[in-house]
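Chains R and E supply the protein sequences, listed in that same order.
FYI, in my numbering the residues of the first sequence are 1 to 279.
FYI, in my numbering the residues of the second sequence are 1 to 260.
None of these hints come from the bench; they were simulated from the model.
The structure displayed is predicted, hence computed values, not measured ones.
Where is the CB? At the ideal position from N, CA and C, for every residue including glycine.
Be a bit skeptical, because a hint or two may be false.
Claimed, not checked - The calculated label-pair distances, taken between Cβ atoms and stated as ranges, are: (1) E:86 / R:57: 44 to 50 Å; (2) E:14 / R:48: 46 to 52 Å; (3) E:156 / R:47: 32 to 38 Å; (4) E:128 / R:103: 28 to 34 Å; (5) E:156 / R:74: 35 to 41 Å; (6) E:86 / R:138: 53 to 59 Å.
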Amino acid sequence: MAQTTNERYRVTPVRSKKRSWPFPLNIYQTAVGRKWVMALTGIGLIGFVLIHMIGNLHVYEGPARMHEYAESLRTLASGIVPKGFILWLLRFGLLVMFGLHLHSAITLKNFSGHSSNTATLVGGAKKYEGGRDHIAAGYASRTMRWTGPIIALFLFYHLADLTWGWWLGDDFVPGDPYHNVSESLSSLPVAILYIVANVALAMHIFHGAWSMFQSLGVNNPKYNHLRRGLATALAGVILVGNLSFPIFAQTGLINEDNRECPASEINVVECLAEQAEGH
Amino acid sequence: MSTGNAEIINVTIKVWRQNGPSDDGHFETYDQAITTDASFLEMLDLLNDSLNEQGLEPIAFESDCREGICGTCGVMINGRAHGPQKATATCQLHMREFQDGDEIVVEPFRAAGFPVIRDLAVDRSPLDRIIEAGGYISVNTGAASDANLTPVPKDAADQAFDAAACIGCGACVAACPNSAAQLFTSAKIGHLALLPQGQAERWSRTEEMVEVMEEFFGSCTNHGECHEACPKEISLDFIAFMNRDYVKAKIKNRALSGQA
Ligand code: SF4
Ligand code: FES
């Protein structure tokens, strides 16, 4: 027999159920589904960051090779599609992933905030008078909502710096990434900014790359013990690779001396292309 | 049970007092002498006795079984759900965990889904709403079927039992920085989804329980605080299991299993 419950004593829901969107968009409507989107876009973004770092190691082969690498991104699959098509496709995909990652993060943060709003909130997190001993939550997991915005701001700075050349002005040479990198990172404040941002990125990946397994339900005693290790390795490799650029630019390994094609010349790009060909 | 070396300690209890759901509430401080053999709730009982004698309102807190199985007694003790001892509900915590002269801060569980009724007592009925949404199996009544009619392998039964050990205390929600109820809900879903009897309603159950959960509670960010707070040490693996089953439930062809 059904029990009758006096409606008056029911706790009112924090949020009411909305009309569901058509499949598969309804998955994104729920927090569990949205975490899937966050995890999947996270995988894509980690993949990008990793390839971006590995690709940039070409800087250690000198200006000509760096130019050649940059050019090769534009001419990806250029036998089939117009030049730059794949690059723009990738950029578009990244933009979509980044947008979804950000949107899910912000909305889920608010979601949790509303679910805790009878508690004292400090910086969006619940605070108990007796002090909150975080036992399991590590520094990285608790700071996701700080490292995230730091990365987003840095990303904007980084694009303005080395893609659009806003700060370098006349010193920015399109088609000569080696020059632009060395020019930008040889300034100490800029190098420090890159270092701080990349430490934030590594911390974000350290928690994110583990957390995504849980969000996606990829959990199996056969490999559970490897998940933390994989996250640590990913974060570590990306950290070391990315930190090497500002550090070596500061210590002089990445420098503008002895260039066969001085960046100040008008035809520097052709010169680099010829030099790369000669290899 | 005496440990043989019980002593009397003096503790200062800083406790949340709230005169009904709409009152603002504040902390009050009381001193209490207590034997280390007493349980935490016995200490509160004695404190209430002396408040009564002084004509003051006793501290409202919930308890029932006092043996760690009913799940009513949870409070925050020094910022930790169910206090400092791992895998122990508040009612099973003893004063020997504390030192003479300690100040002990006692607060209700905090979450928007757990409104305070009075002092330390909160309304945890949203957890019941989650159960109502599907935390059961439907069995047509009639003569009781033979207990061993449906064979369940021992290992599967053990796993399901680990999940079923959840006493619905809500400590996971209280400890969670996001006030998410993932550990509770996933334990209830896991318990049924791991048994043959739970298969018939597996996908609709998962979908509906998760969606009711989200009406009241926050979004899990995999901190793992819930597992640390849980008196029954429910594993985070159940959360992963639920996350996967939920999206599966959304994508699967459930029409064929009659669960659309
Ligand atoms: S999962 Fe653990 S902490 Fe949460 S309600 Fe169940 S027993 Fe309590
Ligand atoms: S009083 Fe029943 S679990 Fe504590």
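Exercise for the section: Could you tell me whether the CB distance from residue 156 (chain E) to residue 47 (chain R) stays inside 32 to 38 Å? Expected result: Given about 37 Å between the Cβ atoms, the range holds.
Problem - Range hint 53 to 59 Å (beta carbons of residue 86 (chain E) and residue 138 (chain R)) holds or violated - result: Given a distance of about 18 Å, which is not inside 53 to 59 Å, the answer is violated.
Handout entry: Hint check for residue 74 (chain R) and residue 156 (chain E) - Cβ pair distance inside 35 to 41 Å
Key = Taking Cβ atoms as reference, residue 156 (chain E) and residue 74 (chain R) lie about 56 Å apart, which means the hint is violated.
Exercise for the section: Just tell me: holds or violated, for the beta carbon distance of residue 128 (chain E) and residue 103 (chain R) against 28 to 34 Å? Expected result: holds (33 Å)
Handout entry: Outcome for the supplied range 44 to 50 Å, where the beta carbon pair is residue 86 (chain E) and residue 57 (chain R)
Key = Once the Cβ atoms are compared, 46 Å apart, the range 44 to 50 Å for residue 57 (chain R) and residue 86 (chain E) holds.
Handout entry: Outcome of range test on Cβ distance (residue 14 (chain E), residue 48 (chain R); 46 to 52 Å)
Key = Holds, at about 50 Å.
When held up to the earlier numbered hints, the structure conflicts with 5 and 6 and fits the remainder.
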